[in-house]
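J.: One letter stands for each residue in the lines below.
Number of protein chains: 2
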Amino acid sequence: MSDNTIPEDQIKKWEKLSSSLALPEPWFRVRKDEVRLASGKVIDDYFVWESPTIATMVPFTEDGKFVLCEQYRYAVDKIMYQFPAGGVGKSESPEEAAKRELEEEAGYVAEAVEPLGDSAAYPTKMSGWHHLYLAKNVKPTGEKHEDENEPTRVVLKTPEELWAMINANEFQVADSLVAALLALKKLGY
Amino acid sequence: MSDNTIPEDQIKKWEKLSSSLALPEPWFRVRKDEVRLASGKVIDDYFVWESPTIATMVPFTEDGKFVLCEQYRYAVDKIMYQFPAGGVGKSESPEEAAKRELEEEAGYVAEAVEPLGDSAAYPTKMSGWHHLYLAKNVKPTGEKHEDENEPTRVVLKTPEELWAMINANEFQVADSLVAALLALKKLGY
Numbered sequence: 097m098s099d100n101t102i103p104e105d106q107i108k109k110w111e112k113l114s115s116s117l118a119l120p121e122p123w124f125r126v127r128k129d130e131v132r133l134a135s136g137k138v139i140d141d142y143f144v145w146e147s148p149t150i151a152t153m154v155p156f157t158e159d160g161k162f163v164l165c166e167q168y169r170y171a172v173d174k175i176m177y178q179f180p181a182g183g184v185g186k187s188e189s190p191e192e193a194a195k196r197e198l199e200e201e202a203g204y205v206a207e208a209v210e211p212l213g214d215s216a217a218y219p220t221k222m223s224g225w226h227h228l229y230l231a232k233n234v235k236p237t238g239e240k241h242e243d244e245n246e247p248t249r250v251v252l253k254t255p256e257e258l259w260a261m262i263n264a265n266e267f268q269v270a271d272s273l274v275a276a277l278l279a280l281k282k283l284g285y
Numbered sequence: 097m098s099d100n101t102i103p104e105d106q107i108k109k110w111e112k113l114s115s116s117l118a119l120p121e122p123w124f125r126v127r128k129d130e131v132r133l134a135s136g137k138v139i140d141d142y143f144v145w146e147s148p149t150i151a152t153m154v155p156f157t158e159d160g161k162f163v164l165c166e167q168y169r170y171a172v173d174k175i176m177y178q179f180p181a182g183g184v185g186k187s188e189s190p191e192e193a194a195k196r197e198l199e200e201e202a203g204y205v206a207e208a209v210e211p212l213g214d215s216a217a218y219p220t221k222m223s224g225w226h227h228l229y230l231a232k233n234v235k236p237t238g239e240k241h242e243d244e245n246e247p248t249r250v251v252l253k254t255p256e257e258l259w260a261m262i263n264a265n266e267f268q269v270a271d272s273l274v275a276a277l278l279a280l281k282k283l284g285y
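For the record, the sequence lines run as chains A and B.
Per the working numbering, residue 97 is the first one in the first sequence, and the count goes up by one each step.
Per the working numbering, residue 97 is the first one in the second sequence, and the count goes up by one each step.
In short, the hints are calculated from the structure, not lab data.
Each residue gets a CB set at the ideal place from its N, CA and C atoms; glycine is no exception.
Do not rely on the hints blindly, as some may be mistaken.
Unchecked claim - Footprint (simulated), chain A over chain B, 3 or more residues, beta carbon under 8 Å:
#1 137-151
#2 162-170
#3 186-194
#4 245-252
#5 264-276
Unchecked claim - Pulled a few chain B residues facing chain A out of the computed Cβ check, cut under 8 Å:
#6 Trp123
#7 Phe124
#8 Gly213
Just chain A, same shape as in the assembly (with noise of 0.2 Å):
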């Protein structure tokens, strides 16, 4: 079903004719790619950033409770709720990385995990894919590893609750608000 603005197949993808390092932090690494675009047009500055791969676990207890964090956010300067979530390691998956950030950031052990999907946040300009998982029947361990640039109040929340906090647009990390809609429309709420 469609209106064949242009047809099938014919979204062409670009052509990468050089690449060089604009910003070479090794926390913000940033390329300038010289681009051919699908038009024949050549752009000499396109910007990408190379940004990391994240992998977040919404964590479900056994007795029906979304296990929240919350955790300022500096870049939009605000106090915000989200699921346990941080970069991929080089030597584990990306289903290691969520289970482990579920361990160190809200100090709950998940057993078996399933995939929801992955989400790219920006993909014109970030190089980076978000993988999305659940947990069901996760358990607290009675600790967690603090890190200090990253304090983390864990909070619990019932599926109404977070329904409700969504409504309210109270809960914005656009991967963690993602996994929690197919998580919530899985689990049945």
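For chain A, the structure is supplied; the task is to place chain B on it using the hints.
T.: The following block gives chain B in isolation, referenced to the frame of chain A:
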């Protein structure tokens, strides 16, 4: 309901001590800030991408179809589906930008527009917000303003077809996916 690892209201903001431009490009402006964390620790190179404010429109036709755009996204090197979306200009509101993008990218016009909420794509490092809208009863104008840098194929999907795409991990742009899930819920699908 909380396990109170940190008391409520105890997550603190950081203080910006100084700021300079690390990448002063008009299309990709990155700040380097010296910041004092809540712990008192000072970091002298915290990078923030001053990313654009984005408006995203979920268009829904009178006969019950979503209007999607298929476009190439260079940073992830993938042809992807999403809703009409783009940067908010200085002289327009986010809602006006959403209506403009709907007309330019998809060739549809909106009557009544309702907000779906706001999301932050990567709030530790990106300053920009995404403002999400739903427009019911959108109508084709018969023309769109093709941008040679961003060829767009417009595709119509029923709610059931959109759910199938989401479940098959074929609708992955984060802000569009958030907006899709909120719109599907609101419309009763």
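J.: Now look at each hint and say whether the structure bears it out.
T.: Tested hints:
no. : hint    : result
1   : 137-151 : holds (count 8)
2   : 162-170 : holds (count 5)
3   : 186-194 : violated (count 0)
4   : 245-252 : holds (count 7)
5   : 264-276 : holds (count 7)
6   : Trp123  : holds, 6 Å
7   : Phe124  : holds, 4 Å
8   : Gly213  : holds, 4 Å
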